[in-house]
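Heads up: the protein sequence lines correspond to chains H and D, in order.
Using this note's numbering, the first residue of the first sequence is number 1, and each one after it goes up by one.
Using this note's numbering, the first residue of the second sequence is number 326, and each one after it goes up by one.
Keep in mind that the hints are not guaranteed to be accurate.
Stated by the list, open to error - Calculated cross-link-like contacts (lysine to any residue; reagent style SDA-like; alpha-carbon spacing at most 25 Å):
no., chain 1, residue 1, chain 2, residue 2
1, H, K26, D, Y444
2, H, K56, D, Y444
3, H, K56, D, A447
4, H, K56, D, N383
5, H, K26, D, I439
6, H, K26, H, S304
7, H, K26, D, H370
8, H, K26, D, P407
9, H, K56, D, C446
10, H, K26, D, N443
11, H, K56, D, S371
Said to hold, decoys possible - Some chain D residues close to chain H (C-beta under 7 Å, calculated; not the full set):
no., residue
12, Q375
13, V378
14, S379
15, S382
16, A397
17, G400
18, C401
I should point out that these hints are in silico values taken from the structure, not numbers from a laboratory.
Predicted model, so just to flag it, every value in this text is computed and none were measured.
C-beta atoms are modelled at their ideal positions from N, C-alpha and C, and glycine is treated no differently.
Chain by chain, the residues:
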Amino acid sequence: MAATTKIVTPYMNSLQDLNEEEYLRKIVEHTIVTSGSPVNWGQNQSITPEAFGLAKDGSLGYELDVDKVSRLNSQNSYALNYLEMYEALRLEKVALRFAFSQIMNVSITLNSNVTVGDSTTYSFSISVSRDQAPVATSLHCYVVANDFLDDTRSSTSSSGEVAVEVEIPNSSSGTALLIVFARASYDDRVTAQGVYAFGHLSSDPSPNNTFLNLSPLNNTLQVDPKFSETSLETGYEFSYGYDSTLTSTSNETYAIPSFLDSSPKVLAVTGWNGSSFFVEWVTYPQVPLEMGADFENTECFSFSYLVTIDRVFYRLNVRCGGPSL
Amino acid sequence: MSFRNNRRGQIRLIEAFFASLLILSTLAMVPSRGGVEKTHYSTLHSVGEQALVSLDSNGMLSTLIEDSDWTALRGCAQSLLPVSLWFNLTVFDENMSVLNDVAVSNGGSVSEEIVAVNYVCATSGGNYAVYIVRLQLAEAS
Chain H
1 MAATTKIVTP YMNSLQDLNE EEYLRKIVEH TIVTSGSPVN WGQNQSITPE AFGLAKDGSL
61 GYELDVDKVS RLNSQNSYAL NYLEMYEALR LEKVALRFAF SQIMNVSITL NSNVTVGDST
121 TYSFSISVSR DQAPVATSLH CYVVANDFLD DTRSSTSSSG EVAVEVEIPN SSSGTALLIV
181 FARASYDDRV TAQGVYAFGH LSSDPSPNNT FLNLSPLNNT LQVDPKFSET SLETGYEFSY
241 GYDSTLTSTS NETYAIPSFL DSSPKVLAVT GWNGSSFFVE WVTYPQVPLE MGADFENTEC
301 FSFSYLVTID RVFYRLNVRC GGPSL
Chain D
326 MSFRNNRRGQ IRLIEAFFAS LLILSTLAMV PSRGGVEKTH YSTLHSVGEQ ALVSLDSNGM
386 LSTLIEDSDW TALRGCAQSL LPVSLWFNLT VFDENMSVLN DVAVSNGGSV SEEIVAVNYV
446 CATSGGNYAV YIVRLQLAEA S
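Next comes chain H alone, as it looks inside the complex:
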């Protein structure tokens, strides 16, 4: 009897694992294909959802709401905490961790800079990859500096790499940003962005979010300065196809215009902290992000999804632990 039990146990365990995996998969899919309650919990910053769901209201199949996703990012002032999400899930003994990432990785490296006359030319190498494999893409690059904005177009070859040069007037010294959008040739929805901050005739810039806390939600950018001597100058919105200056709706909020192309949005705000010029930025939706239970050194199930947010493809990985794990 003992021998029989010992032999049969692995079979029973594998069946139990299978049942639990399917059970957890259904739970995860439920959070992706339903929009939660109330359905506008993403847009309305004062609402904590009663039922958790990330889908865009009225969407068909794996289309998520840009604001619901942004509210999972802890850097957003209106982010849900894990307890709020857990209560809205209405489940016991199930832990989840959501990780959103772009479908392509855009990597930027500053190679050199040369000052000639009144301007400095910076040379960058840009590489675009997907799952570590190089991707041929079209690029649209923007440069933001002190009282300066420029753009250039290029493309990566099948090696996924290209060198790009940008020229900035020496009068625009201080922190500068290179914003790169990469788009695959066959489908506009396969678009990703990368941002690189560098010091233009100045020391290396402070890390992003040193001076400001930027929280995009409901097509409004909330800007919270972290120091009393910080003053804001200009807000910008960038996508693959378009760029625009943001219109200030109050001292610390900007309206975010809706662009008609399938692209992640990068929002940049320039300003001064005392005598130091800075540029800080945030993406909309605020991806990449990770939110949820900590599964480090813990056994869990992992489910991967291809989702669209604001007509752009993203990867979503959900790690999930159930009652028996």
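With chain H's structure known, arrange chain D on it following the hints.
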């Protein structure tokens, strides 16, 4: 005395014991693969289904089929599916006649297990054509 001489029952008992031992040891040696296989199937099937649903979410899939743009269809599938997967996509009309005259595949060698996902897609144009898209997926070996 007759009880002592009748030992045939004991032999049967020993025989049954060894037989059961044989059965149990055979069972123990069979690897528990059922769960693993089914999980692998679920993962590939789910990946394929999502890729097709996502590709079709803005009507792009049916547009590419209508235009017989098989190169673009292969590029789209390649952009959405994990690099580690082999795929082969076949498009049928409502009579199950194959429409793509070139292979819509990323080539290469594959593992033994191939999972097929069937997806019905309708055009948004005036002819209301219906296509059956079969996406075969496997781990690249």
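Closest C-beta approach of Q375 of chain D to chain H relative to 7 Å, hint status: Holds. Min distance 5 Å.
K56 of chain H paired with Y444 of chain D [C-alpha distance capped at 25 Å]: holds, 23 Å
A397 of chain D as an interface hint toward chain H, with CB separation required under 7 Å: holds, 5 Å
Straight-line alpha-carbon gap K56 of chain H to S371 of chain D, limit 25 Å: Between K56 of chain H and S371 of chain D the Cα gap is close to 21 Å, so the pair holds against 25 Å.
Status of the S382 of chain D interface restraint (C-beta, 7 Å, chain H): holds, 6 Å
Evaluation of the interface hint that places G400 of chain D against chain H, nearest CB under 7 Å: Status holds, d = 4 Å.
Closest C-beta approach of V378 of chain D to chain H relative to 7 Å, hint status: Because about 4 Å separates V378 of chain D from the closest Cβ in chain H, which is inside the 7 Å limit, the hint holds.
Hint status (Cβ of S379 of chain D to nearest Cβ of chain H, threshold 7 Å): With Cβ-Cβ at 5 Å, under 7 Å, it holds.
Given pair status - I439 of chain D, K26 of chain H, alpha carbons within 25 Å: The hint holds at about 24 Å.
Pairwise hint evaluation, Y444 of chain D against K26 of chain H, where the allowed Cα distance is 25 Å at most: Holds, at about 20 Å.
Proposed proximity, H370 of chain D with K26 of chain H (alpha carbon, max 25 Å): holds, 15 Å
Given pair status - C446 of chain D, K56 of chain H, alpha carbons within 25 Å: Given pair K56 of chain H, C446 of chain D holds - Cα atoms ~22 Å apart, limit 25 Å.
The structure is consistent with each of the numbered hints, conforming to all of them.
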